[in-house]
Amino acid sequence: MASADELTFHEFEEATNLLAETPDAATTSRSDQLTPQGHVAVAVGSGGSYGAEDEVEEESDKAALLQEKQQQQPGFWTFSYYQSFFDVDTSQVLNRIKGSLLPRPGHNFVRHHLRNRPDLYGPFWICATLAFVLAVTGNLTLVLAQRRDPSIHYSPQFHKVTVAGISIYCYAWLVPLALWGFLRWRKGVRERMGPYTFLETVCVYGYSLFVFIPMVVLWLIPVPWLQWLFGALALGLSATGLVFTLWPVVREDTRLVAMVLLSAVVLLHALLAVGCKATPKWTNPSACPAPQMMTEGSLDTLR
390 MASADELTFH EFEEATNLLA ETPDAATTSR SDQLTPQGHV AVAVGSGGSY
440 GAEDEVEEES DKAALLQEKQ QQQPGFWTFS YYQSFFDVDT SQVLNRIKGS
490 LLPRPGHNFV RHHLRNRPDL YGPFWICATL AFVLAVTGNL TLVLAQRRDP
540 SIHYSPQFHK VTVAGISIYC YAWLVPLALW GFLRWRKGVR ERMGPYTFLE
590 TVCVYGYSLF VFIPMVVLWL IPVPWLQWLF GALALGLSAT GLVFTLWPVV
640 REDTRLVAMV LLSAVVLLHA LLAVGCKATP KWTNPSACPA PQMMTEGSLD
690 TLR
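For reference, each letter of the sequence shown is one residue, going 390 to 692 in the working numbering.
Derived from the structure by calculation, the hints contain no laboratory data.
Ideal placement from N, C-alpha and C gives every residue a C-beta, glycine not left out.
If you anchor each label on the Cβ, the simulated ranges turn out as follows: (1) H501 <-> T551: 35 to 41 Å; (2) L529 <-> M648: 39 to 45 Å; (3) W617 <-> F547: 25 to 31 Å; (4) T518 <-> V612: 23 to 29 Å; (5) A621 <-> Y470: 39 to 45 Å; (6) V612 <-> A659: 20 to 26 Å; (7) T629 <-> L483: 18 to 24 Å; (8) F547 <-> L609: 18 to 24 Å; (9) P539 <-> L509: 45 to 51 Å; (10) S652 <-> P539: 42 to 48 Å; (11) L566 <-> W636: 16 to 22 Å; (12) P539 <-> G495: 54 to 60 Å.
Could you build all of it, start to finish, from the sequences and the hints given here?
In structure tokens form, the structure reads like this:
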């Protein structure tokens, strides 16, 4: 069994004697003086040099990741390149549709809704839906006309789907292409102008066509003045959204060029609305009379 002397804390006795001799002295534990072999104590200064090194390393890591991401970006001839333009969720599409339906001054559709992430999913399906709705409402208009006039013979007109689809997709791609090319040319003339990208322009035009879908459905109401009212309202909302979006780009140009460009945009949009209004008249119902029964006299005449 250990003796009482062995269990005595000699370190405390030494410290007590030292304090008795020199009260102002500071004590240091032996455990603080002993450092395990192979370990180095590191003192960090108050200047913050260690944090600065961390910031430099973090910035270098970010630069390396950015460079690696740029190197891994696929080419435009690959499928994965175009797949990114369809990578949107339902909330984003609905938010962009809402932004196209409710244009506000100073509220740029590209900056507030696209945010440098244009998509082709919304414009593609909006154009497809509009073409299909135009074809269906055109056929329904002929059916209603046949009920009012039994002499009219109705036959399904499937070619309207093809004609409407080609017309709408050409408008949604060729007009933005011409507009983008013109703005790129004016950028060389006016260095302060910053045009949108081609995909952003296509995205703006695609979402601006959404308002025509309910307009075409409401045109089934057989009231001419009400149809023209719905058409004017839809055209006003859609064209206003385009003007508010394009104005920050063209306002740096001359006043004449800006007014001519915006007038051309509104005029082409109005021609599209008039074309949608004339869809039921692509085949004149009066030119399709009901087939007549051939009598014996008509058969003798043919003989």
